[in-house]
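Chains as they are written, first to last, in my numbering: chain S, 1 to 479; chain D, 1 to 1012.
Hints are all accurate, no fakes.
Just a sample of chain S residues kept apart from chain D, beta carbon distances all over 10 Å, derived:
| hint | residue |
| --- | --- |
| 1 | Leu-212 |
| 2 | Asn-217 |
| 3 | Leu-231 |
| 4 | Gly-320 |
Label-pair distances were calculated between CB atoms; the ranges are:
| hint | chain 1 | residue 1 | chain 2 | residue 2 | range |
| --- | --- | --- | --- | --- | --- |
| 5 | S | Val-415 | D | Gly-711 | 11 to 21 Å |
| 6 | D | Asn-685 | S | Trp-160 | 49 to 59 Å |
| 7 | S | Trp-47 | D | Gly-711 | 47 to 57 Å |
| 8 | S | Leu-355 | D | Gly-711 | 23 to 33 Å |
| 9 | S | Arg-370 | D | Glu-756 | 56 to 66 Å |
| 10 | D | Tyr-866 | S | Pro-43 | 47 to 57 Å |
| 11 | S | Gly-218 | D | Tyr-866 | 51 to 61 Å |
| 12 | S | Ala-55 | D | His-642 | 32 to 42 Å |
| 13 | D | Leu-762 | S | Ser-331 | 12 to 22 Å |
Short, incomplete list of chain S residues facing chain D, as computed with Cβ under 7 Å:
| hint | residue |
| --- | --- |
| 14 | Asn-78 |
| 15 | Ser-409 |
| 16 | Trp-411 |
Source of the hints: derived by calculation from the structure; they are not laboratory data. Positions of the beta carbon are idealized from the N, C-alpha and C atoms, including for glycine.
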Amino acid sequence: MAVTSGVPRPVVETKRVIGRGQTSGGIDDVVNSPVLVGPQRTPRWWWIGFGISLALLGLYLFSVVRLITVGVGIFGNNQPVSWAMPIINFVWWIGIGHAGTLISAALLLFRQPWRTSINRFAEAMTIFAVVCAGLYPILHLGRPWVFYWLLPYPNTHGLWPNFRSPLDWDLFAISTYASVSVLFWFIGLIPDLATLRDSAKSRFQKLFYGVLALGWNGSAKAWQRYNRAYLLLAALSFPLVLSVHSTIAMDFAVSQVPGWNNTVMPPYFVAGAVFAGFAMVLILAVPLRRAFGLEKLITLRHLDNAAKLMLATGMIVVYGYGVELFYAWYSGVEYEIFMAYNRVFGADHGWAFWLLIACNLVAIQPLWLRSVRQNPLALFVISLFVSVGMWLERYVIIVVSLTKDFLVSSWGNYVPTFWDWALFIGSFGLFGTLFLLFIRLLPSIATTEMKEFAHHDAHHGSDAFETIREAYYRGEVRA
Amino acid sequence: MSDAASLTPERAFDPLLEAPAVDLADVRERLAGRQGPEYWRSLDELADTPAFQEFLRKEFPRQAAPLDASLDRRDFLKLLGASLALGGLTACARPPAAREAIVPYVQAPEHRIPGKPAFYATALLDGGYAEGVLAESHEGRPTHVEGNPDHPASLGAVHAIASAAVLSLYDPDRSQQLAERGQARSWTQFADALGGALAAVPSGDRFRLLTETITSPTLAAEIDALLAAYPGARRHQWDARHADGAIAGIRAVFDAGAADVAPVYDLTRADVVVSFGADFTNLGPGRLRYAKDFARRRRVRSAADGMNRLWQVETTPTPTGTLADHRKALAPADVAALAAWIASEVGVADAPRADLPARVERAWADALVADLQDARGRSAVFAGSDQPAVVHALAHALNHALDNVGATVRYVAHPEAAPTVHATDLAELVADLRAGSVDVLVVLGANPAFTAPPELDFAAAMARAALSVHVGEHLDETGSTATWHVPRTHALEAWGDARAFDGTVTLQQPLFAPFYGGKSDLEVVQALLGRADRSGYDALREAWQARVSGDFDAFWRRALYRGALEGSGAPSVAVARRPIDLPLPLRADLVVHFQLDHAIADGRHANNGWLQELPRPFSKLTWDNAAILAPATAERLGVGSHDRLTVRSGGREVVLPVWVQPGQAPDTIGVALGFGRTAAGRVGNGVGTDVYPLRAGGAWAVEATAERAGGRHRLATTQTHHSLEGTGERRHIVRAGTLAELRAEPEHPRFVHPVEHPYHDLLPDFEYTSYKWGMVVDMTVCTGCNACVTACQSENNVPIVGKEQVIVGREMHWIRVDAYYQGDLDDPTFHNMPIACMHCEKAPCEPVCPVAATVHDSEGLNVMVYNRCVGTRYCANNCPYKVRRFNYLQFAELATNATELSLANNPDVTVRSRGVMEKCTYCTQRISSARITASNEDRRIRDGEVVTACQSACPTEAIVFGDLNDATSAVVAAKASVLDYALLEELNTVPRTSYLAKVRNPHPALAVEGVR
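Pulled out of the complex, with its shape left as it was, chain S reads as follows (with noise of 0.2 Å):
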């Protein structure tokens, strides 16, 4: 090794998880105190977020209300555009949860451990995302208060539902999807629960967590079933990442609408799906490592990593939007053929579509070079891009596509109203509201696997080995 300076370089990549010098007690002092404190030491910008959030939530519930008591007519809805926003929104939350999947099961399967540090909010992420998602498609049924018709139970009315639909398909998807992530990130939550219950002061913490921790001992015994059963888990779990965004693309791919009826949808779908659960993950990693002071546990190389799956995914999605339009003028089909056309350059909606492309090609391409993806601030911003931007994706398949399709004479157009923004805008006060709840109540980093990972350095020669490479670089150490 060529020492051409006495300068050290700084240490931007290397292979250790969390940063240097992290103990057992540390990371307890560091994720679980906060959640341990009393209501009346809960930091102030909780309290706000909170209060946003619940404000949010509110206007959510009204809409509901509202969509229940006078009709999904609320809507900008109509004929041709049968699905309009709410679906969007279903789509575009449930492609956030994506991102939950992948890390917490696939990359404990490709054995990537940088994982353990985000692993647990993104699957939190996850689960409140599902639970935003899976709300959509019940509210905007024109009779939501029957829509367990779609499930195969026993019934007086002799009926099953019709497996042949992708709807129904998309019942079950959703269903396992949300029962397999709650199972995995409760069995994750088990130890640090039980740590949480061992060292809780009042009676409701000893209560609360004492009860969630399922009598956890902490046993050799314990810890290897436990390590057994989530492994199993994980591996459940990972083909839920291809297949439940494949589903939903599946609503599309197997109509026959121009603009939907595309092979490359599934593959697409979930691609996009990555994308922007990536997205979010950062956009909810980057202020939770500055509120809670986590940057040594969600290091600069765990949005480095998360930066660089964000910007594969999102080439393979604009790869999918080359692919859309090449097969549209490939196909021959004149219906196809102006429905590209109307997307691209139509007067009423083209719009939406250089928007998407400014959004998801033009703003991830700062993400080649390393210094933006180690600055958190420009992940931020970048991630916002890509949320709105894979909404407008959406947006522009689901609506677009509809708005122009076969008939000349059917054609229409679509305008969102105040109670589309509304159930949109108030499903971040139901997603903030858990996640808030969640990061004040839970320990939002798996502090289990974390402590592991401090042992291992600071046993196994990792914190001892950097500490003479750096003085060698200082030159303190000759070789």
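Start from chain S and add chain D according to the hints.
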């Protein structure tokens, strides 16, 4: 809704306590005015005070949730709850008194078994002329109107307005109380007051009667008797719809002795039809008959078939004009000039001199002349009801010169009782009123305060009469000015008679006792004659007893169940030409051309929601009228659709939204009359713009100036407008060609199948062992008149949604008529394409429904299970024809807030609730009914036994429906035509409804002009 709050026990405000005292005299009169067993609960109830209604509403709150403020436009449907509680419930569905036996349509034509409901033959009037109908009655409740196949003016067809009559019948805004200056009075009091007033004018010098067009022999005789009793009295007539030019024109060209004559055409014998502004299939006496006869000569199924040729010259596009083989859009003066030019060329020596209008190419006009001369005795020339006298005179002169008289056109004694030029007649009445020489004025049915020419200021003139009586179905603009108002019966609830265009008499029978009370014209005239207690039934029966010899009861029964008196058609009369001495109208830079609105006519149907929401032909405008401008004129004036335009004429101005309409004559503004009502009722008030202020002298065209006004006005259309050029052309939606093209390739005309689409499917086809329903729509004869739309709406309980919802795009019509244009922007070719559910064999909607709410049945119908529908709307997305309609809001009336309007519902069809999808069912209830009948008789359903509502109404028989498993059925024959094609066949949906490509028959000399 505020009702929720009122559920609390303590009532801070008790409206009954706060209300003014009950006017007992008023209550007494209300009670006296009622019929039948009367039960009332309190004086307040009888007084029907607003306070009582408020109390009632609070005491019995309607369900809050399903209807909320978002349905603002349909407030009327909710508000009606209050009036419902009191309005004429005791009269509900009560048959006429036992001795006034009404006779059901027992001897239905063969293969036409209507099913359980009773059908009564009667007639509805259009402009005073009878059109025979069969009114369907469920348990004494009229629900639907179909054409009477035995009636010469209908032959089974029905116009959109007539289909909507059942809704008007139950209109809760109909006048329900006889009143003097707003105070309730009884019929007896009215008769006494009138008798007193007439006694004061014994010679009748100061007594005037104003009626609309009357063709009723009995009413005319009674009026004659009245005029005989009061020799000084005068009868005037005013109907804004009246074709004054037709009367003046025929008088100018023919000398038929003292009597007036009217033309009756026989289009089955006409090879060439020339129409100067005549919408003869859609407007005016004989329209349904002419439509049927005309279309029967255009029924092309193979190259061997011949077809007639239509030359249409018109100002504003009309449904008839869409069928034209050659159409020219000309300003009114140019229409007259062209008529004069053609007449001179054909050899009418006394035609006024005129140059060929600039917009008409010489070759075009020459071809028209040649075509007429080649078809001597086989041609027919029409003049539109809105044309000036000279055009009518020229049309008759042309028919005369071309030897058509006696062949394609004959002349009969005028069906109107007293044909006259209404505009002049009304002006004379107003002059007398102004002069103070009228004490008693009785207005029978007309609404001149709204429709009279503006310079007459009829309302002010009427106020000069000491006693004015308005007899009308609504307390309308005239009724609220008159001193007395008498509620008038609807045509479906009164006895009467009327003549059709050819003189045929129909006896009108009521389907039930007057629903909201009311008196018929016949009864009012009886009262004027001092016989107030004589019923219309007695008057009619006695009048006919005097006319008929032999077994009167047999005559009576037969007349009632046939719906038309056999042999009552007027015989032809000889006419002698007299020289035409009429000037041609002068050209103007800009002309306002008035049209009767396609749906609400002169405004009388303004309170009918079905008609207000009926998409007008081509423009697809609903709930509004507009200044219809040609693209070139719009450009010149610097306006576009939805811009506001100030139109000035005769010192008056109105501001109208603009609608740019290809096919409108340049330098003209087409405007529909009848909008902007102020006293129509809750539906019609304030809808659109009143353009009567521009209509000086009751003319159909006036010179005007126009300029852009500020602001925009959003018009509600049900179809966005896109040319078929460019992308549309390659979609092959509309397939049209010429007869020559068909004959060039008789086996496989290229315009029908421009691209081959082989059909492949991995799955086996369905098998149909019983029936296999299918439909064919013949685009060659579809005029886009909307008869099918309203008929479907009535048959299938299709709700209306209001203007705002139409703008959003949520109209509910199960069948729509798509309009497409082709070719030149100023003189385009029009195509009408009726589209309802195609009942696809491989329906894209079926596999995507997660709850199996839309499924294929054993007879090939794509059925919609409303109860199962959860409202995902995936089916609608996946339907390439976009025929599915979703109840985004509670559009239909619920049982909890139903008004009288719900009585018009067809009990055989589910009323759909909010949140479910619906669409055309091929009238599955009619199929079921026929299936039951056939199964009881142990046979198969015969061809023609199931007639869908749209098919039944269609005046041009463009819709054929039947069993595809029956090799002899009409629908199988139609599908065998080389013209048959499936819409979007490349999608392999295999629709059950297919189309016959549109065939046109341009003149060989102008064939290059033909579309392809």
